[in-house]
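Peer 1: Below, each chain spelled out in residue letters.
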Amino acid sequence: MDFNDSPEEAAFRAQVRVWLTENAPSTRAAIAHGRESEESIAADKEWQARKADAGYACITWPTEWGGVGGTPTQDIIFREEEEKLGLGSSIFGLGLGMCIPTIMTVGSDADKQRFVRPALRGEEIWCQLFSEPSAGSDVAASRTRAVRADDGSGDWIVDGQKVWTSGAHFSDFGLLLVRTDPDVPKHKGLTMFWIDMKTPGIDIRPIHQADGGSGFNEVYFEGVRLKDSQRVGDVGRGWNVALVTLMNERLSVGAVRGAAWRTLMDLAADVPGVEGRGSALQDGGFRQQLADYYVAAEGLKLTRLRSLTALSRGATPGPEAAIGKLVAARQMQDLAYEAFDRLDSYGIIVDEDSASAISGFQRNFFWGAAMRIAGGTDEILKNIIAERVLEMPLDIRVDRDIPFKDLPKGV
Amino acid sequence: MNFDYSDDQNYLKEEVRRFLSARCPIAVTRRVLDDTDLAYDEALWKSVAEMGWTGVAIPEKWGGAGMGHIELCAIAEELGRVIAPIPFASTVYIFAEAVLAFGSDAQREALLPAIARGEIIGCLADSEGPGARAAQRIEARVAGGKLSGIKIPVTDGDIATHAIVTALEDGQPGLFIVDMSDASISRQVVPTLDPTRSAARLTFVDAPCERLGQIGEGERLISTILDRAAILFAFEQVGGADRCLETAKSYALERHAFGRVIGGYQAIKHKLADMFVKNELARSSAYYGAWALNSGAQELPAAAAAARIAGTQAYDFAAKESLQTHGGIGFTWEMDCHLHLRRARQLALALGGLPFWRERLISTLECRNTN
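Line by line, the protein sequences give chains A and B. So in the working numbering, spot 362 of the first sequence is number 362, and the numbers just go up one at a time. If you want the working numbering, it's the 1-based position in the second sequence plus 411.
Rather than coming from a laboratory, the hints here were simulated on the basis of the structure. By construction, the Cβ of each residue, glycine as well, lies at the ideal position given by its N, Cα and C atoms. Honestly, I wouldn't trust all of these hints.
What the hints assert, rightly or not - Ranges between beta-carbon positions, derived for each pair:
| id | chain 1 | residue 1 | chain 2 | residue 2 | range |
| --- | --- | --- | --- | --- | --- |
| 1 | B | Glu710 | A | Ser40 | 34 to 40 Å |
| 2 | A | Glu80 | B | Arg442 | 48 to 54 Å |
| 3 | B | Tyr422 | A | Thr60 | 27 to 33 Å |
| 4 | A | Gln209 | B | Glu710 | 36 to 42 Å |
| 5 | B | Asp419 | A | Pro7 | 20 to 26 Å |
| 6 | B | Tyr422 | A | Glu8 | 24 to 30 Å |
| 7 | B | Glu657 | A | Asn240 | 42 to 48 Å |
From just these sequences and the hints, can you work out the full model?
Peer 2: What follows is the structure in structure tokens.
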């Protein structure tokens, strides 16, 4: 066990630092989900292209796709250094973390040639079109239909609605899961396509979220025509393709950010304690809580590094990656409540300075709630751990052998 | 960066597991549990020493195997899995580590080879009553090389050949090595939550002793001794917690209720998932601690406290919820659930409880902040 950089890793880190010093744009505050502007997207694209040209955009990808065949550790080192400059960007995350890896695994050669490099350079942004109003945790219950056009062209016509699509309004392409056969059980009647988000018949409407923001969208499809060549994988194999995407999702969504124990510790040092006794940080009860937050955060960070060791020894990313989001999302929420409790009645006031510690916890307050749902709810993740890691029996699936069209439908 | 056991260390760990499954089946632990006159399993203790485990981290020049602390961590994890009823923690994680780190050359030469040979059983005599330890609470005194005072509870104090005792000398806290064969020392066995590990009340009346380290250094030394031991305790906790999860899992796959195995119900599946998450986080923190211990990193205090807290939380949780998963049968003497429930608390308390370690952690983080 060695938690220091090896000589090669230290050399790589030094090389990255030099490159960042010479190439990184001036630091700016991270853009929150849903607060992207034309200017911020343009700046992100420019930075992404510069990284891609230097081989830093997707370090672990093979050279033929614009990576440098680097190790997962090198990838982490680059991200750590980039993060220190506040340059970690999220608008390419869904594409490079989930959609493009799916294309690279399942897609046709033509698709790979067409999509991988532009995505890598940030020229094209991707979104993921899986969730539906009636298919959340049960994604395989998707109702959005694709039927063959009756003109003999082999094209598909899509009608339906997707929901919770991050960045649909500024994305160029999306990965779309649709039902092509309602006469077979739900998992067997799905097919995956890629879609140009500018295709006629697509209507994108922002969701007014519980936190007041609008980073997610509803996407409506009305008579949208797709070429059969836009199919990713075989007809009826969409669920298997989706699993490839979702496995990558847990790896990329696993790293939840937000105000952490350190911010809480600093905040508590400036807040008076109960009955005017010193600061909140001097309060024994608070210190006991803070210790647990630190231990969980450290444990999580180290667990991620452990899976990295497993990866670099040739293991494939497993469902144990689910631990990351499960713990981190809950922690975001807990930290926010703890911070508010220490602020006491003052905690109800919204701090409009987005750079302040308090506003950080206010973001956690809402995003903790959101992250416990996004990318697999706490409950789904626990099921995944129990079923795939601990090999417990699957839940009873009453819908498994029934044609999709005959399933009872609620709200 | 490398966050796992090496191939050699994994090989050693497998050897240790194979050996313990032959020499320390649960019947061995149960014999110590059932026989109130039995403080530990002497045959197991002897064979463990013969295997060289008591001296695994002791340098060769003092009769040890000179391997390293990661190897010792691997052994600790396996001992924790099988709830080994031997004074390994007191002797190796605390006593040997203290002598190795802070003993004079003469003390090292006198004690370390004997530890490696399994001739010494060590213990730490610090607590004098209820509540977390603190320098200002120590009442034991040393004057003219003679120790007087009462210590309770002292894990393995009833069987120890040697003790490290905290006491004031000229008003300053210090650590003292005591040969427990001296006639002036009286020992009284105290009943414990986990009878597979014994404890005693020790009364010293002018007992001959030898200082460990320099005068006035006691608190600094005990602090490091606790940090180092905390990491090794954490590995025992991780081993025990993993065993609890395995046991709960296999019971959940056998037991039927309402027409199917109980492992198919989400209430049980999610409980097992919660155990898995806690165990994995604890394992990661223990690994980081192992690295800090082995490399003498300055991160040791924070790493030790985190490993200790995560290890305690994981094992206590796993022991409780494993018993819960078993239902009524889990609360019978015949099932092993209560052995883990007991050992988890023994490990959680014997080296200082959660409130003590959480406070230590935050104090450490504050120091790091100001430096």
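Peer 1: Take the hints in turn and mark each one as holding or not.
Peer 2: Against the structure, the hints come out as follows:
1. Glu710/B x Ser40/A: 34 to 40 Å: This hint holds: roughly 37 Å between Cβ atoms.
2. Glu80/A x Arg442/B: 48 to 54 Å: holds, 52 Å
3. Tyr422/B x Thr60/A: 27 to 33 Å: holds, 30 Å
4. Gln209/A x Glu710/B: 36 to 42 Å: holds, 40 Å
5. Asp419/B x Pro7/A: 20 to 26 Å: holds, 21 Å
6. Tyr422/B x Glu8/A: 24 to 30 Å: holds, 26 Å
7. Glu657/B x Asn240/A: 42 to 48 Å: For Glu657/B and Asn240/A the Cβ distance comes to about 31 Å; the hint is violated.
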